[in-house]
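Assembly of the complex is requested from the two constituent chains, each provided in isolation within its own frame, with the hints serving as guidance.
Below, each chain spelled out in residue letters.
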Amino acid sequence: MLLLGLAVVAWVVARARATRLQTAAPKGAMHSLPSYHGWYVALWALLPACLFLAVWTNVMPGLVTGSVLENPAASALPEDSFSRGAILAEARAIAQGKQAAAFNPLAQPLVQPYRDAQSRFATGGVILSLILAFAGAAYAFTRMRTDFRARTRVERLVMGTLLLASLIAIITTVGIVASLLWESLRFFSMVNPIDFLFGTKWSPQSAALGYGNDDAFGAVPLFWGTIFIGAIIAMAVAIPLGLMSAIYLTQYASSTTRKWMKPILEVLAGVPTVVYGYFAALTIAPALRDLAVGVGIHGASSESALAAGLVMGVMIIPFVSSMADDSIAAVPQAMRDGSLAMGATTSETIKRVLIPAALPGVVGGVLLAVSRAIGETMIVVMAAGLAANLTLNPFSSVTTVTTQIVQLLTGDQEFDSAKTLAAFALGLVLFIVTLLLNIVALRVVKKYREAYE
Amino acid sequence: MTTRNPTDWKSDVMRRRIARRYGAERRFRLLGLAAVLVSAGFLAFLLISMVGNGIRGFTRTEILVPIDFSTAPMVVDPATLKGANADQALANAGLPNVTNLAAIAAFGPKGDELLSPNAWLTVRDAIKADPSILGKKETLALPSSTAIDLAAKSKGSPEAEAAYAKLAQANAVSTGFNASFLTASDATDPTQVGIWGAFKGSLLTMLVTLALSFPVGVATALYLEEYAPKTWWTDIIEVSINNLAAVPSIIFGLLGLSIFLNLLDFPRSAALVGGMTLALMTMPVIVIAGRNAIKAVPPSIRDAALGVGASPVQVVFHHVLPLALPGILTGTIIGMARALGETAPLLMIGMRAFIATPPGGVTDPATVLPVQIFLWSDEVSKGFVEKTSAAIIVLLAFLLAMNGLAIYLRNKFEKRW
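Respectively, the protein sequence lines represent chains V and F.
Numbering of the first sequence is given in my numbering, commencing with residue 1432 and proceeding in unit increments.
Numbering of the second sequence is given in my numbering, commencing with residue 69 and proceeding in unit increments.
No lab work stands behind these hints, which were simulated from the structure alone.
Any given hint might turn out to be false.
[Stated by the list, open to error] Here are some chain F residues pointing at chain V (derived, C-beta under 10 angstroms): (1) 101; (2) 107; (3) 115; (4) 121; (5) 276; (6) 288; (7) 294; (8) 312; (9) 318; (10) 352; (11) 385; (12) 387; (13) 418; (14) 476.
Built from N, CA and C at the ideal position, the CB exists for glycine as well.
Isolated chain F (complex conformation) (with noise of 0.2 angstroms):
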C-alpha cells in the first residue's frame, strides 16, 4: 500500500514549475498586449503617413511676379469689372498672356513655365477685388507650376530644382494656403484640381442614398419588429435582410449597373444611380439597427399604451418610434458612413468619368470623394501623391464627424430602463 505525501510546495522541482507557470503568464498577456499595440500602432502609422503626405496638398508654392499693369498690353474698361461679365471681360482682356509676359520679364525667357497654367485667374481676382491696380505696378503672388511646386516640397527633377534654388535665392517665393483644392474640380494638372466637385457629387450621392434607404430601413424594421406574424413569409424577409448586409459591395455594383442602367436605362454615372446604389447596400445596416433600437424599448410601455386605448398603428408611432429614434438615428449615420466611404460599387455604374465641373443635380454626371482618390492614386503625375493624400484627409475627417456625431448621440440618447 502506498502512502501519498502531501506535495512539498516549496521544493525546488515545484518552485521551477511555479517560475515557468508564472512566466508563460507574463509571455501571453504581453503577447496580447502586442497584438493591441500593434494594431493601434498600424492605425497610428496609416493616419501619420497619410497626414505627412497629405498636409502640403493644402499648401502650394506661390511665386512673387511684379506685374506693370499700365504698360501691359491689355484693354479693360474698368465699369465692365463692375457687372456679372466682369470674368468674361477679363479673360477678354489677354490677361494670361500679360500674366506670363510678366514672368518673362522678371525670371528670364522660361519664366512663364514657373508659373501655373491657371495662374492668371489669380490675377483676376486680384482685379477685381481692387480694381485701382490696373494702373499700378504691383507685385502678386501666383501659384507655381507643378514641377516647382514638387521642387519647394523637396523631391522635384533636377531642372525644377535648380529653377526653385534660383527663385528662392531671388526671394521671390511664398507658401500659400491652397483655397482651389477646397473650391475647385477634378483636371489635369495636379496644381489645379480640387475636391469640390468630388465633394459636392458625394453629398448629392448621400442625399440621395438617406433620402430612400431611411425610410424603408425603418419601415421595415417597424414592420418586423412589431407587426409581422411568424411565417415562414417574415423568415423569408429576415433571411434575406441577414443576407443582404453581408453580400459584399461590389455585387451591389454589378446590380445597379444590370437594373439600373441596362434594364430601366438610368443615366450613367449620375448621382441618381449612385445613390440608389448604395441605399439598397445601406437599408439592411438601417433594418438591422432599428430592430435592435426597437427591440430595446421596454413592452411595458406597449402595454401601458394599448391598455389605454391606443390602436397598434397609434402605440408604435406615437411611443415606440419616438425612444427608438435615437438608437435608429445612430445606425444611420454609421450606415451612411460606411457608404461615404464606399468605391466599388460606384465605380461598377461608371462613376469613374473624368469630371471637370460639379454636378449640377442628381442626374448629372458626378464623382464622389472616394473614387476620385482612386483614380488621382492612379495618376502618374508625382504631384497627385500630396493632392491623394490631402483628400483622404478630407475623407477621414468627414468620416470622424459622422461617426464622434453617432457616438454622441447614442451617449446622450442612451436610456438604461
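Chain V with its partners taken away, still in its complex shape (with noise of 0.2 angstroms):
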C-alpha cells in the first residue's frame, strides 16, 4: 500500500519535471512526453520494492526460526529434526494467533521470542523495501534528461509482460502434462500398464482393502462405459438432432424463425451440466427404468447408461449444429445454385451435395463433439452410476473414466496409494484421446476449408 502511494507520488514528480524541461527545452528536442518519465520513475520506485518483498516473505521464516533457535529457551528443544520442527510450528501458530494454547510445553516459552522476532524481521523488510524504492526512484528520477528514451523503456517493459502472459498457456500445458505423467508414473510403478489398460474387471476397492493392485484396475469396462455413453447413445441422438436442425434453420426456416431459434438451441450449450445431471437422474432414468421394466427388459436399472446418454447428446446438440452450420455455409454457393438449376428439389440438393460437399467439415465437427462428450462429468457422475459393467444393454449401470475419477479422489485422500494414483492415469488416458481427437478434428477441417479456397 505504501509502495504504491510511493509509486504514485514519484509519478506526479516525475512528471512535473518533465514537464518543466519540455517546456524549457527547444521545441521536438523532448523524446518522449513527460508522462513517460512518470511511468519510468513509479516503476523504478516500484518493482524493486516489489521483488524484495516477494523475496523477503519467501526467506523471512527461515530468519526468523533461525533467530528464535539462538535464543536461550530454545536449548530445551529435542534434538531429532521431526519433533523439533513440529515444537516450532505450534509455537509459529500461536504467535500468529492461529491457535489458542499449546499443547506441547516446551512451545510456550518460545512463543514470545517467535514474536519478537517476527515483528522485528517485518519491520525490518518495510524498511529495506522503502529504501529500495526510494534508491530505484532517485536513481531513475536522475536519469531524466530531454534527450532520456523513457518511452522506450517503459514499452519494453510492457512488451514483456505480454510476452509473460502468454507463456503462462504454455506453463498451464506443461503443468497439466507434467503432474498427469508423474502421478501416472507412480501409479504405474505400482500397476503395470498393460494390466490397466487391458484388463477387464475395475475394483479399486478391494485393492484399498489390501487384497493386492493385481486385477483390481482393467480399465476396459471404464473405456467401454465412456464410448457406449459419450460415442454411441450420445451421439446418436446429437448428430441426427443437430445436423437436422443446422439444415432446417440454414436452407429452410424464415430469417425470423433462424432469428429466434438459433439462440433458443444456444442455450442448450450453456446450461450447466450439474443441471443436466440432475434433470437425467430424476426425470429421464426413472422414466427409462419404468419404460423398460413396461416392456420387460431384464437388469434395467435406476441409474442407466441411455438416461445419462440421451442428456448428454442433448448438450451436444448445439455443438454438433453450429459445427455442421458452418461446414454447410463454406460449400461455394455456385455448387447449390447448380444443383438446383439441374432441376433437383431443395432437399435433393442438400442430400447429393451440399451433405457430401460438407461431409469433412462434419465429421470433424462430430470428433469435436465426441472429444467433449467422453471429457464431460457431472452427467455421468450422476446418472450413470458406479458399477463398472462390461455390457451391451443401455437400460443397465455403467461407469465412465470421468465418474472413476470424481469417485476416486473424493472421500479419503492419502496420496501414495494406488486408489488415488489410478485417478491421474485415467485423467492421463483422457487428455491423450481428447487431444488426439482434437488434433484430428482440426486436421480434417482445416484440409477440407483448403479444397474450396
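Printed below as a string of C-alpha cells:
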C-alpha cells in the first residue's frame, strides 16, 4: 500500500519535472512525453521494492526460525528434527494467533521470542523495501534528461509483461502434462500398464482393502462405458438432431424463425452440466427404467447408460449443429445453384450435394463433439452409476472414466495409494484421447477448407 | 438410329415421379422442423420441470402457533434487546423451550414435532422487531417441520399427511415466502437450508477467476495478435491455447489438485484455489474471444495511428484495445458464465465439504452453487428435491442474466467497419 502511494508520488513528481524540462527545451528536442518519464520513475520505485518484498516473504520464516533457535529457551528442544519442527510450528501458530494455547509445554516459552523475531524482521523488511523504492526512484530521477528515451524503456517493459502473460498458457499445458505424467508414473510403478489398459476387472475398493493391486485396475469396462455413453448413445441423439436442425435453420427456415430458434438452441449448451445431471437422474432415468420394466427388459437399473447418454446427447446438439452450420455455409454457393438449376429439389440438393461436400467439416465437428462428450463429468457422475459393467444393455448401469476419477479422488485422501493415483492415470488417458481427437478433427476441417478456397 | 423424343412431363409416370420427389422434399423439411422442435421441446421440458419442482422450494409451510409470552417460562430484560447481544440474550432465555411448549399446548403432546427445529429463530426475530409482544399473547406463523412441509406440498408420509390434515382443519397453516432460503447456508435439515453460503462462495471464486484470467487473457490476446513474430515459439503458444480450450474441465481439477494443493500447499476447499483453477480454464476462452475482437479492428486505424507518429505500444493501448474492448468483454462474460456453472474441477479440489457458514474470505473453506446443487441432489431426504430445483432456478437465472448482458453488450457496441 505504502509502496503504491510512493509510486504515485514518484509518478507525479517526475511528470512535473519532465513537463518543466519540456517547456524549457527547444521544440521537438524532448524524446518522450512527460507522462512516460513519470511511468519510468514510478516503475523504478515500485518494481525493485516489490521483487524484494516477494523474496523477503519467502525467506523471512527461515530467518525468524533461525533467530528463535538462538534464543536460550530453544536449547531445551529435543534434538531430532521432526519433533523439533512440530514444536516450532506450534509456537509459530500461537504467535500468529491461529492457535489459542500450546499442547506441548516446550512451545509456550518460544512464543514470545517468536513474536519478537517476527515483528523485528517484518519491520526490517518494510524499511528495506522502502529504502529500495526511494533508491530506485532517485536513480531513475537522476537519469531524466531531454533526450532520455523513457518511452522506449517503459514500452519494453510492457512488451515483456505481455510476453510473460502469453507464457502462462504454455506453463499450464506443461503443468497438466507434468502432473498427470508424474502421478501416472507412480501409479504404473505399482500396477502394470498392460493390466491397466487391457484388464477387464475394475475394483479399486478391493485393492484399497489390501487384496493386492493385480487384477483390480483393469480399465476396459471404464473405457467401454465412456465410449458407450459418450460416443454411441449421445451421438445417436446429437448427430441426427443437430444436423437436421442445422439444415432446417440454414436452408428452410425464415429469417425470423432462425433469429429466434438459434439462440434457443444455443441455450442448451449454456445450461450447466450439473443441471443436466440432476435432470437425468431425477426425471429421465426413472422414466426409462419404468419403460424398460414395462416392455420386459431385464437388468433395468435406475442409473442407466441410456439416461446419461440421452441427456448428454441433448447437451451436445448445439455443438454439432453449429459445426454443421459452419461447414454447410462454407460450401460454395455455385455448387448449390448448379444443383438447383439442374432441377433438383432443395432436399435433393442438400442430400446429394451439400452434405457430401460438407462431410469432412461435419465429421470434424462430430469428432470434436465426441471429445467433449467423453470428457463430460457431471451428467455421468449423477446419472450413469458406479458399477463397472462390460455390457451392451443400454438400460443397465455403466461407469465412465470421469465418474471414476471423481469417485477415486473424493473421500479419503492418501496420496500414495494406488487407488488415488489411478485417477491420474485415467486422467492421462482421457487427456491423450481428447487431444488426439481434437488434433484429428482440426486437421480434417482445415484440409477440407483449403480444398474450396 | 434411335431418335430421342422430348420427355413427356405430363405423362403419368412423370407425374408420379414428381409427386414422389415433392413428397420426399416435404418429409425432409418436416424432419428438419421436427429436429428443431424436439431440441427446443427438450429445453422447455427441462425448464418447466425445474421450475415446477423448484418454485415450491421458495415457499415454506407455516403453522400458526399462539404463544402467551406473559406466562412463558422465560426471563428477558427488555433493555438487552436493544444491544448487539440481543440474539445471545434471547437464545439464553430459553426461547426454543418456550416455542416448543407453546406448540405442545396448541397441538397436543407431539405439537413440538410439527415445527422446524429452527422455529424459535422466527420467534426471536418477532420479539426483536417488537419487544412489546413480550407481555402479551401473540399468534405467530412459524416454519413447520420437513415432514409437514412435504405433506403440505402433497407428497408426505401418511402420518404427516394426517397431521397436516388436522392442522388444516384447525385453520392453523399458511404458506409464506421462504426468505431463509436466500439468506441461510447449508444445513442437514431441508427446511433450514439456504443458498447464501454457496452463493457467496461462487461470488468469491468468480472474483478470483476474473482478477486472474482477464488481465492475463487480454495480454496474451494482444501479444499474439499484435506483436508476436511468426516463429515456432509463437506457434507453440497458439497450439497450447487452442488445446487448453478443448481439455475436459475435470483435467483442470486434477491439475489444481496436484499442483495447487499438493505441491504448493494452498488451503483446501478455498475459493482462492477454486478461482485459480477456473481461471486457467477461462483464460483460453478469453484469449480466443479477445483475438477475434482485436482482429475485427480494421488495419486502417493502426496505420493512421502509426502514421501520426504513435509507437506500436501506443497504437495498441490508445486505439486498438479500446475499440476491441466490447468484444473482449462479451467473451469474458461468456467465459465467466461457463466457469460459474462448472462443477467437476471444483469437486476435485475439495470444494464439496459440508459448509454451514458463509466464507469470510478467499482462503476460507467454501462451496459454490453448482457443487451445492450436486451435494443436495445426493441427499436422501425428499425435502431436498425442491431445494435442489430451487437452487438450480437461482443458478439458471444468474447465467441467463450474464448471457443476456453479453448479448446486450454485443448488440450495443457491435460496429461494422
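Cut-off 10 angstroms, beta-carbon criterion: hint that residue 387 of chain F touches chain V: Status violated, d = 15 angstroms.
Per-residue hint verdict: residue 294 of chain F, partner chain V, C-beta under 10 angstroms: holds (9 angstroms)
So, residue 121 of chain F near chain V? Judge it on the closest CB pair being under 10 angstroms. Since the shortest Cβ distance to chain V is 8 angstroms, the answer is holds.
Using Cβ atoms only, decide whether residue 276 of chain F comes closer than 10 angstroms to chain V, and label the hint accordingly. Violated. Min distance 15 angstroms.
Can we keep the residue 312 of chain F interface hint, with Cβ of chain V closer than 10 angstroms? At about 6 angstroms, which falls below the 10 angstroms cut-off, the nearest Cβ of chain V leaves the hint on residue 312 of chain F intact, so it holds.
Can you verify the interface hint for residue 101 of chain F: is its Cβ closer than 10 angstroms to any Cβ in chain V? holds (6 angstroms)
If you take the shortest Cβ to Cβ gap from residue 318 of chain F to chain V, is it below 10 angstroms? This hint holds: residue 318 of chain F lies near chain V, its Cβ roughly 5 angstroms from the closest one there, short of 10 angstroms.
Closer than 10 angstroms between Cβ atoms is the bar; does residue 476 of chain F clear it against chain V? Give me holds or violated. Violated: closest Cβ of chain V sits about 13 angstroms from residue 476 of chain F, beyond 10 angstroms.
Would you settle whether the hint for residue 418 of chain F is holds or violated, based on the nearest Cβ-Cβ distance to chain V being less than 10 angstroms? Nearest chain V Cβ about 8 angstroms off; hint holds.
Residue 385 of chain F as an interface hint toward chain V, with CB separation required under 10 angstroms: Result: holds, 8 angstroms to nearest chain V Cβ.
Does the CB of residue 107 of chain F sit less than 10 angstroms away from some CB of chain V? holds (5 angstroms)
Hint check, residue 115 of chain F versus chain V [nearest Cβ-Cβ separation less than 10 angstroms]: Check passed: Cβ of residue 115 of chain F comes within 9 angstroms of chain V, closer than 10 angstroms.
The structure does not agree with the numbered hints 5, 12 and 14 stated previously, though it agrees with the rest.
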